[in-house]
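Here the protein sequences come in this chain order: A and B. Here the first sequence is numbered in the working numbering, starting from 1 and rising by one per residue. Here the second sequence is numbered in the working numbering, starting from 421 and rising by one per residue.
Accuracy of the hints is not assured; some may be wrong.
[To be verified] Taking lysine-lysine and the BS3-like style, the derived pairs with C-alpha atoms no more than 25 Å apart in a straight line are:
hint, chain 1, residue 1, chain 2, residue 2
1, B, Lys532, B, Lys520
2, B, Lys469, A, Lys361
3, B, Lys607, A, Lys8
4, B, Lys607, B, Lys632
5, A, Lys338, B, Lys520
6, A, Lys112, B, Lys840
7, B, Lys647, B, Lys435
8, B, Lys464, A, Lys219
9, B, Lys758, A, Lys15
10, A, Lys227, B, Lys758
11, B, Lys607, A, Lys112
12, B, Lys840, A, Lys280
13, B, Lys639, A, Lys187
14, A, Lys15, A, Lys112
15, B, Lys435, B, Lys758
16, B, Lys607, B, Lys435
17, A, Lys53, A, Lys227
18, A, Lys338, B, Lys469
19, B, Lys636, A, Lys187
20, B, Lys435, A, Lys212
21, A, Lys224, B, Lys636
22, A, Lys15, A, Lys280
23, A, Lys338, B, Lys700
24, B, Lys607, B, Lys586
25, A, Lys415, B, Lys532
26, A, Lys338, A, Lys4
27, A, Lys420, B, Lys428
28, B, Lys636, B, Lys607
29, A, Lys112, B, Lys644
30, B, Lys700, B, Lys464
31, B, Lys469, B, Lys647
32, B, Lys637, B, Lys424
33, B, Lys496, B, Lys464
34, A, Lys415, B, Lys781
35, B, Lys435, B, Lys469
These are computed hints drawn from the structure, not numbers from a lab. In this text, all values refer to a predicted model and were calculated from it rather than measured experimentally.
There are 2 protein chains.
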Amino acid sequence: MDLKNEVKKIAGRAKEASRSLGSLETEIKNAALKEMARALVRSKSYIMKSNGKDLMSARKLRLSAAFMDRLRLTDKHITGMADSLNEVAGLADPVGSIEKLTKRPNGLLIGKMRVPIGVIFVIYESRPNVTADCVGLCLKSGNSLILRGGSEAIHSNIAIFDVLNKAAAKKGLPPNSFSMLRVTDRKAVDILLGLAGVIDLVIPRGGESLIKEVAKKSKIPVIKHYKGVCHTYVDEHADLNIAQSVSYNAKVQRPGVCNAMETLLVHRDVAARFLPPMAKMLIDAGVELRGCPLTRKILRKNGIKAATESDWYAEYLDLILSVKVVNTLEEAIGHINKYGTAHSDAIITEDYDHAMDFLEKVDSSSVYVNASTRFTDGYEFGKGAEIGISTDKLHARGPMGLEELTTYKYVIFGKGQVRK
Amino acid sequence: MDLKNEVKKIAGRAKEASRSLGSLETEIKNAALKEMARALVRSKSYIMKSNGKDLMSARKLRLSAAFMDRLRLTDKHITGMADSLNEVAGLADPVGSIEKLTKRPNGLLIGKMRVPIGVIFVIYESRPNVTADCVGLCLKSGNSLILRGGSEAIHSNIAIFDVLNKAAAKKGLPPNSFSMLRVTDRKAVDILLGLAGVIDLVIPRGGESLIKEVAKKSKIPVIKHYKGVCHTYVDEHADLNIAQSVSYNAKVQRPGVCNAMETLLVHRDVAARFLPPMAKMLIDAGVELRGCPLTRKILRKNGIKAATESDWYAEYLDLILSVKVVNTLEEAIGHINKYGTAHSDAIITEDYDHAMDFLEKVDSSSVYVNASTRFTDGYEFGKGAEIGISTDKLHARGPMGLEELTTYKYVIFGKGQVRK
């Protein structure tokens, strides 16, 4: 059979499965999720062995340490996947719930019923644990799923997938509720991206070039997951202890991820007090600072580099931080809306009006008061897991969990009403 | 100035306006809406005169009666526009409301704040009253708006727009909160459709070919508004009086619109009792019936035409109705999901399980029990007006009002939390 037919068959079966999945009882879905969690833990050594194959190939290709880090599965990762599946099993089923049911003057009751989106196609790179998160969320939200992982993690992904699939079948899930493209031929992806009407949504996760290419080629709606240039703004009314610990956490705790801070903005009235100890902490943690002229003047003893215009746009994903002193809250908000990527941004302040202003005017998918931007994550937001962090504006923004994987239909309860 | 620069300037100004509109006080928005309503009524004769010019051109072009009907503005239309604006003024402002604010175990309060989408570009044909509906809804939801009406209604659209614009300025709305493309050059639309990052959403309303073309060319997300092949299913447990009045209303009250019924499905157990009087009523009202073999057998005295496969797919928008007898509820649901356009479909039944099954399994944007599909409309749904009826699955389905013209951002209230 040729590739096109094979791929179309996979999509067609996914569509078929989506019809049964959409009205599957919650208890069956939860039983399958829990069985999957148990199966992952039971199959730890099999999964680790498969992961070993991928790691070996990656080593041969001399891929970067950061890449190896994302690829490597540890005991903790496997337990984490299982925990997520159990957590998702414990969440309320969004499918079928009716919101905003209101009565019209003519007696019609009109509400919005949550329903699955249909067939979701996820394209992702390196991190194999994404496989389990996607399966768990799509299953619970009643969507069927087609997965296409990166070739560098193919053995790990297939191992996880097979374990989950067997567990699902055991609990009576419809066949083909989730499927994985095992052909690494890129043409297979292109064929799927053309199947509007069969696949309902495409979610690409990975590098910017992958996402751009998918968005360009797809005939199907795409929710994009771009980068994060995240800011922390230390207001003149900040509690400087909070400012210090939150800024440190946002930069240092895990610098290689999209919700880590890339730029620190500091109000000039507190800059001379706040910056020197903050800079010391960061430099001690190995962070390279790049400052605006005033920052450099204040920190002159440390001889830090000058930030250039391109630094304000940079997603370092590394122990590098650009620092800017601003004159007003408005200047901070303006900087964030101009240079940021509308991902995650925080204000540190004890001033009520400043906090509310910042929340209102910063046009980002997650806006914080007095907390680390590192919390932008489906699990941290209480969603059990995430299928990604949308940087789009329509349908879903920020971490996408069960609710964001559904849409709605209007349901109207009448007793014979006709229109006049 | 060349076209490209001129059009880009319009879009740039709309973007600028959207920034102020997003945080404009509700009272200012409401005052502007009410002033607009008053201004429309005051300017009735000016608007009618402008509409007269369009009608004259249309007559010269010998456009169809249905077309003329959509183009013609009456006293009632103008009052209707004003009523809609007042109704929208009376609705709650969605912008800034925070939903699902929940407390995480670490004390973070996380909620979804409703925010405007940004800049919305609406492309529409013939009906000039769409102008006022779009302006009212976009203003109240804090979006700036670029309108592009059909050339056949240009005088009417400009007249309405100018009246609204002056009223808005009087009440202190930011300039360029809404703007209208006055160049009829189609290239202007193409230029706007390329301005991703400036314009946030495109809504095309009109014929299928217009919508397809826009969707194909656009670099910006499009919410499509396709046709409606709507069904009424008369269950074996139907109250046949309700079935008769609802079916009659869905077909006859206004056949030329997307929420009118195109196919009547009847359970075989009630077909012999229900169809003859129903057919008589419809035929008396001038409806042409096209039936399945069993329908024709039951109605043999009336010599009705045979429905072909293409009839089940047809959106007649006219006094024509296809009729099919089905053996089961499942067959009815299967027919609707196969031949329908996921717009509006109704079941007439007194059986609880059948009603709930139909609501769950029919994959349409508006699903009814015991009411006419003609209610699928923003005004009838309590939204004051509508910017269109989405036939897409993502972001918004069915009638789009204020809520559907917003998106959300996560707002997170902390007290110094850092991620472990």
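Tested hints:
no., hint, result
1, B:Lys532 to B:Lys520, "6 Å, holds"
2, B:Lys469 to A:Lys361, "43 Å, violated"
3, B:Lys607 to A:Lys8, "37 Å, violated"
4, B:Lys607 to B:Lys632, "16 Å, holds"
5, A:Lys338 to B:Lys520, "29 Å, violated"
6, A:Lys112 to B:Lys840, "38 Å, violated"
7, B:Lys647 to B:Lys435, "31 Å, violated"
8, B:Lys464 to A:Lys219, "45 Å, violated"
9, B:Lys758 to A:Lys15, "13 Å, holds"
10, A:Lys227 to B:Lys758, "40 Å, violated"
11, B:Lys607 to A:Lys112, "39 Å, violated"
12, B:Lys840 to A:Lys280, "21 Å, holds"
13, B:Lys639 to A:Lys187, "23 Å, holds"
14, A:Lys15 to A:Lys112, "23 Å, holds"
15, B:Lys435 to B:Lys758, "41 Å, violated"
16, B:Lys607 to B:Lys435, "20 Å, holds"
17, A:Lys53 to A:Lys227, "30 Å, violated"
18, A:Lys338 to B:Lys469, "46 Å, violated"
19, B:Lys636 to A:Lys187, "22 Å, holds"
20, B:Lys435 to A:Lys212, "24 Å, holds"
21, A:Lys224 to B:Lys636, "19 Å, holds"
22, A:Lys15 to A:Lys280, "56 Å, violated"
23, A:Lys338 to B:Lys700, "66 Å, violated"
24, B:Lys607 to B:Lys586, "28 Å, violated"
25, A:Lys415 to B:Lys532, "35 Å, violated"
26, A:Lys338 to A:Lys4, "44 Å, violated"
27, A:Lys420 to B:Lys428, "44 Å, violated"
28, B:Lys636 to B:Lys607, "15 Å, holds"
29, A:Lys112 to B:Lys644, "19 Å, holds"
30, B:Lys700 to B:Lys464, "42 Å, violated"
31, B:Lys469 to B:Lys647, "32 Å, violated"
32, B:Lys637 to B:Lys424, "16 Å, holds"
33, B:Lys496 to B:Lys464, "10 Å, holds"
34, A:Lys415 to B:Lys781, "20 Å, holds"
35, B:Lys435 to B:Lys469, "33 Å, violated"
This entry does not satisfy hints 2, 3, 5, 6, 7, 8, 10, 11, 15, 17, 18, 22, 23, 24, 25, 26, 27, 30, 31 and 35, going by the numbered hints stated previously.
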